[in-house]
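Protein chains in written order, with the numbering used here: chain A, 162 to 446; chain B, 1377 to 1531.
Hints in this document: simulated from the structure, not taken from any laboratory.
All figures in this text were calculated on a predicted structure; none of them were measured in a lab.
Some hints here could point you the wrong way.
To be verified - Derived coverage of chain B by chain A (criterion: at least 3 residues anywhere in the stretch with Cβ under 8 Å from a Cβ of chain A; other residues may be distant):
no., region
1, 1393-1399
2, 1415-1421
3, 1424-1434
4, 1439-1451
5, 1515-1525
Stated by the list, open to error - What follows is a set of in silico ranges between Cβ atoms, one per label pair, in the way DEER data are often shown:
no., chain 1, residue 1, chain 2, residue 2, range
6, B, Arg1530, A, Glu437, 37 to 43 Å
7, B, Met1377, A, Thr318, 27 to 33 Å
8, B, Lys1492, A, His232, 21 to 27 Å
9, B, Asp1456, A, Arg364, 58 to 64 Å
10, A, Thr318, B, Glu1453, 41 to 47 Å
11, A, Gly392, B, Arg1502, 39 to 45 Å
12, A, Pro219, B, Lys1531, 51 to 57 Å
13, A, Arg180, B, Glu1498, 34 to 40 Å
14, A, Thr318, B, Gly1476, 41 to 47 Å
15, B, Lys1531, A, Glu223, 37 to 43 Å
16, B, Glu1448, A, Asn396, 52 to 58 Å
17, A, Arg180, B, Ser1497, 45 to 51 Å
Positions of the beta carbon are idealized from the N, C-alpha and C atoms, including for glycine.
Each chain is listed here by its residues.
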Amino acid sequence: MTPSSFEYFSPSTLEEACRLLESHPGEARVLAGGQSLIPLLKMRFTTLSYLVDISRIPGLSEIREENGTLHIGPMVRVAELNDAPSVRQYHAIADAARIIADPLVRNMGTVGGNLSHGDPSNDLPAVMIAMNAVFTVTSTVVSRRINARDFYLDTFTTALKEGEILSSISVPGHSGSAYLKQKRSAGDFSVAGVAVALDMDGRLCRWCGIGLTSVGPVPLSAAKAEEMLRGNELNASLIERAASEASMEARPSSDFYGTAEYKRYVVKKLTKEAIELAIRRAGGQ
Amino acid sequence: MEREVSIKVNGKLYREKVEPRMLLVHFIRERLGLTGTHIGCDTTNCGACTVLLDGRAVKSCTVLAVQADGKEVTTIEGLDGEKLNPVQQAFLDTHALQCGFCTPGMIMTAYWLLSKKPDPSEQEIRDALSGNLCRCTGYVNIVRAVQEASRRMRK
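Please work from the sequences and hints to get the whole structure.
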């Protein structure tokens, strides 16, 4: 299969890339690793006149930790998250980086692409929502910061405006986090995925974030379940109730991957397990 | 509009004019005539088209030739010299193929795995091969082949 014809640009600065996007509104897209975009173009689900390849722009592939915050460049390949020692203590990111698609796709696919594509089945958006990450987006005019929670507007629709590029991802550290997903077969998208991040003080949960994959039109935050945990001592019965609440906050539809009822069940199970895993990790285990 | 790309394939530099929509796998097979790289599912699932791009295994049906501009590609044809590569030889010796269609991709992924992890566990081998599908012989002998190649390459 071959995509329909398009013009290809390979700018060497972010500003040039933004200008190219700006000058072709509605007809141009950023090409990062291409692992979502190229299949769409090949199957002609999408037709674009211009692709702006940002892979040759220097400085977009850095992973850096500073003052307890992890900064990830948009062109960092998912596989590179696995190799970077600084990512290890950001457990949920490390979990996701091991189970996104398959190793070959992870060698090419990028963090920025996974986050900007707007696919509710992509794994990193729920992780970033749970961890309270902040995205920096850049245009020729200005840079602005958007919380991951406010980034996803609808399926394949994000808060990125015409001419804007996701230029950096900042993830605050948490005492423990986890990402778990259930899939039907190797390399497949998930039936459901759950990301949990906790700031713990002994058994006391000072702050918590929960993000959900594949169970709604956008990656979701389970805000009510988060509220139940915040400021409380975490015990088995509270975890159970929060997991139930998260499953009710999911908005799954019945499809090829399972019925809505089944997906809620999976969300409940994964939420419980992810909270427990995040607690264990917060205790340094 | 066509663009000129310079891609080093199996050590040899090629300068070719390509349409931006040309896939790397088509460039390899149709422009260069290297048909060892197979097109299986053509939808980023099966891994029959696996090649190394700057040393990392990728699915060449999901890479544009223009993305590989200035980079190095290794295909199955680039592995053997006078003799088969140890990974190829191990696949042969342990009966790790039946129809052989997935084999070039399996070998490229195995070769990449062993290049960064010379002594992988069985689980690590299975994880590494999870993006390569075999629809006839199953994975038992493929895993054995990778283990055997690992042993021979470490000697």
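Enumerated hints in conflict with the structure, sorted upward:
Numbers 5, 12 and 13 - these are the hints that the structure violates, sorted from lowest upward.
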